[in-house]
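Chains as they are written, first to last, in our numbering: chain A, 1 to 130; chain B, 1 to 589.
Read the hints as simulated data drawn from the structure, not as lab findings. Glycine included, each C-beta is placed from N, C-alpha and C at the ideal position. Careful: at least some of the hints might be erroneous.
[Said to hold, decoys possible] Here are the simulated DSS-like cross-link-like pairs (lysine-lysine), alpha carbons at most 30 Å apart as the crow flies:
hint	chain 1	residue 1	chain 2	residue 2
1	B	LYS176	B	LYS194
2	B	LYS180	A	LYS111
3	B	LYS465	A	LYS96
4	A	LYS111	B	LYS194
5	B	LYS151	B	LYS194
6	A	LYS20	A	LYS121
7	B	LYS163	B	LYS176
8	B	LYS151	B	LYS176
9	A	LYS20	B	LYS194
[To be verified] A few chain B residues that don't get close to chain A, going by computed Cβ distances all over 12 Å:
hint	residue
10	ILE89
11	ILE235
12	PRO293
13	GLU384
14	CYS410
15	GLN442
16	ASN479
17	SER569
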Amino acid sequence: MNGISILIVEDEEIIRSLYKRILTPMGHTPVFAATLREGRQKLLEAAALDLLISDICLPDGQGTDMITLARKKFPAVKVLVITGLPPGELDDRTIKDLGLEESDMIFKPVKVDVFEAEVRKRLAGTGRKE
Amino acid sequence: MPDVAKCDTLAVSDPGGDDTNNPRHYRADNYGFRINVSTTFREYPGDDMNETKQGLAANRTQKSILVIDDEEGMRDLLSHELGLQGYLITTAGDGEKAVEEMRRTKFDLVISDIRMPRRGGLETLAEVKRISPETEVIIMTGYGSIAAAVKAMKDGAYDFIQKPFNIDEMSALVEKALEKSVLRETLSMYEASKAVFSSVHLDQLLPIILRLLRETLRAEDTAVMLADNSGRPEIIASTGLEHEGRKQAHLEAAGKAATAPDIANGNAMVFESGDGSGNNAGAAVICKLEIEPGVTGFISANRAAGAGPFNPADLRGFTILAAQATQALRNARLYHKLEEKVIELETARNELIQSEKMAAVGRLTAGIAHELNNPLTGILGISELLLRDEKIQAGLREDIRDIHMQSRRCQHVIQDLMHFARKTDPIRETLDLRPLLEETLQLFKNDIFRAHITVRKLFPDGIPKVIGNSNQLKQVFVNILLNGIQSMEGKDSPELAVSLYSAKGLVGVKFSNNGGAIEEKDLPHIFEPFFTTRPTGKGMGLGLSVSYGIIKSHGGAIRAENGPGAGCSFTIELPEGTTPHERDLHTDS
């Protein structure tokens with residue numbers, strides 16, 4: 001454990017495994033959740049959270065709820081939304097209400113180096129070592 | 001409304017045929033009428049009513065009789081006796097004078113001697129029948145002229161009476177003849193009304209009204225005018241108004257009639273005919289037609305100088321015609337409105353069906369794209385990771401690269417599909433379409449040169465700007481131009497036209513080419529994803545769908561049409577506008 005805490009909410013197993021394969025060489029040990037319910041549970045158990053990576057379409061709800069909850073408990077949490085929805089599906093208002101920027105949303109299929117860069121960018125300011 | 005055009009002035013051939021060198025003009029711009037230009041007026045309904053259309057005046061109190069005899073005694077006798085019975089008698093000493101009278105006034109009955117100097121009874125009869133076919137003629141004969149009397153009967157005289165006659169006998173005959181003339185007038189009124197109501201199309205109705213005016217009133221020039229709320233009348237149809245002075249006289253009369261209180265109830269008003277002579281007083285009349293609130297019509301008629309003033313019977317006929325014309329014009333307007341409504345509804349329904357269909361296809365597409373994006377993320381991601389792994393041997397690496405490349409292709413198809421299904425797009429700027437079109441055309445420079453395509457650009461100045469995403473709009477232009485250029489492959493003298501226009505808050509771009517029409521059955525489908533008329537392998541059929549999606553997300557519309565000529569056109573319309581940011585910049589400067 002390097003002290004960086006990453007929670008990934010993603011219902012597709014293959015994608016969870018992909019994220020793990022990318023993040024492990026970077027020195028991270030992310031926590032995974034496949035549903036909103038599971039995500040909530042993991043959030044409840046977490047002592048700290050630096051980065052939340054979440055899908056939008058989840059089998060039991062919206063990833064946006066996950067973001068709201070995470071922000072409530074950890075106001076400084078960084079967020080990266082990775083969605084299979086077409087750009088524009090989430091309206092500007094919703095994005096703003098979640099405290100997100102356009103750049104916090106990336107769209108599937110995401111390239112490995114883009115994913116790495118986005119994660120790195122968000123963790124750069126956490127003050128902890130990678 | 002492809003077969004309908006609004007036009008300002010329309011010259012029409014004269015179906016009556018008696019003044020073919022006298023063109024009639026029709027105007028009906030702002031009054032909510034429809035003019036069907038493609039119609040010729042040679043066969044308009046009512047053309048078959050021939051001789052019975054004159055004299056709309058019935059039930060008038062005093063019948064007028066013209067007595068023609070060279071014997072003064074006979075003239076006095078008939079004048080006196082028939083005058084006592086309430087008839088209005090005019091006398092003439094010979095045929096020449098009689099014809100003059102006939103030209104001036106309309107008579108219900110003519111009583112004519114058969115033997116007269118200068119112009120004989122038979123000749124006079126022929127002339128009377130020519131001037132006023134429905135006027136009955138009674139012939140008076142002496143001994144030895146029975147043969148002539150029989151000939152007169154054949155030529156259209158009502159009856160003959162032998163001199164000397166008993167005055168009662170004459171009275172009875174006069175009464176009978178006039179009865180027939182009343183019947184005839186009723187019939188002619190019926191025919192006129194049938195003619196006026198035979199059409200709800202203004203272009204057919206106006207010539208009928210003009211002709212009835214001319215024939216009923218024996219008028220030389222006639223006009224139908226309309227005035228809207230502004231109150232300034234305009235001539236929408238006329239005959240014999242080539243002289244500006246005459247035209248002005250009709251217009252001035254309409255201007256006065258518009259406010260004259262005594263003509264409000266369908267009364268006719270007499271006006272100065274405008275020939276400047278002043279000796280034709282009472283020979284020009286106008287009637288106001290209250291078509292509907294805000295739209296007033298006028299019909300006016302003017303007789304030739306010397307033709308005499310209108311008598312009460314003429315005026316009565318005129319007002320009846322005015323009432324009928326009012327109703328007929330109302331009908332024409334209502335019919336036109338109805339027609340417009342039907343077209344509007346049909347268009348709206350078709351648009352609704354089309355947009356519903358496209359929305360359904362959009363939802364389906366978005367769903368598929370979303371579902372495919374997840375597995376694709378796995379395939380692309382894992383293959384990318386594997387390609388990074390240096391331990392993987394060369395042969396296997398090639399295979400993985402193939403998997404990766406093929407997956408990328410899938411990704412591009414899906415991205416195109418998502419473009420089609422997209423709802424909104426965040427990146428918007430104020431755009432001038434002209435440079436964007438120039439830039440796009442530049443991309444096709446080589447294709448255009450190689451295929452010898454003539455490009456016509458119509459980019460007028462002062463086209464407003466639009467808000468949009470320049471890359472996306474360029475993509476749309478590329479798709480459409482590519483389509484057009486491909487459709488012209490192998491065609492003789494290929495031609496491509498690109499024009500910009502603005503109307504009703506929209507900026508439009510129209511791309512036309514002569515590469516052949518789109519089959520009618522294909523037209524409703526060409527924006528659907530994967531719809532293509534090209535052989536398999538030549539394009540996937542996504543270009544137009546993507547264009548559709550982009551234009552929709554810009555709040556615009558895109559449509560394809562066939563023609564004119566051997567080609568088709570694509571039209572894009574975008575709402576004009578400037579981003580708030582841009583507006584601020586302009587107000588600052």
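Evaluation of the provided hints:
For the given pair, B:LYS176 sits about 27 Å from B:LYS194 by alpha-carbon distance, which is consistent with the 30 Å threshold. For the proposed pair B:LYS180 and A:LYS111, the alpha carbon gap of about 101 Å is over 30 Å, so the pair is violated. Taking the CA atoms of B:LYS465 and A:LYS96, the gap is near 29 Å; set against the 30 Å cutoff, the hint holds. Restraint check for A:LYS111 and B:LYS194: not satisfied, since their Cα atoms lie roughly 81 Å apart, outside the 30 Å limit.
A C-alpha spacing of about 35 Å is found between B:LYS151 and B:LYS194, which places the hinted pair above 30 Å, so the restraint is violated. Note on A:LYS20 and A:LYS121: the hinted pairing holds, with a Cα-Cα distance of about 18 Å set against a maximum of 30 Å. Annotation: proposed proximity of B:LYS163 to B:LYS176 holds, straight-line Cα distance about 19 Å (limit 30 Å). Distance restraint check for B:LYS151 and B:LYS176: the Cα-Cα separation of roughly 21 Å lies within the 30 Å cut-off, and the hinted pair is therefore satisfied.
Restraint check: the Cα-Cα separation between A:LYS20 and B:LYS194 comes to about 90 Å, which exceeds 30 Å; the hinted pair is violated. No beta-carbon of chain A is positioned within 12 Å of the beta-carbon of B:ILE89; the least distance is around 93 Å. Every C-beta of chain A lies more than 12 Å from that of B:ILE235, the closest at about 57 Å, which supports listing it as non-interface. Listed as a non-interface residue, B:PRO293 keeps its Cβ farther than 12 Å from every Cβ of chain A; the least gap is roughly 47 Å.
A cut-off of 12 Å between C-beta atoms contradicts the statement that B:GLU384 is not in contact with chain A; the least separation is 4 Å. Non-interface status of B:CYS410 relative to chain A is broken: a Cβ of that chain comes within 12 Å, the nearest being about 9 Å off. Listed as a non-interface residue, B:GLN442 keeps its Cβ farther than 12 Å from every Cβ of chain A; the least gap is roughly 28 Å. No Cβ of chain A approaches the Cβ of B:ASN479 within 12 Å, the least distance being about 19 Å, so the stated non-interface status holds.
The non-interface label for B:SER569 is consistent with chain A: the shortest C-beta to C-beta separation is roughly 29 Å, beyond 12 Å.
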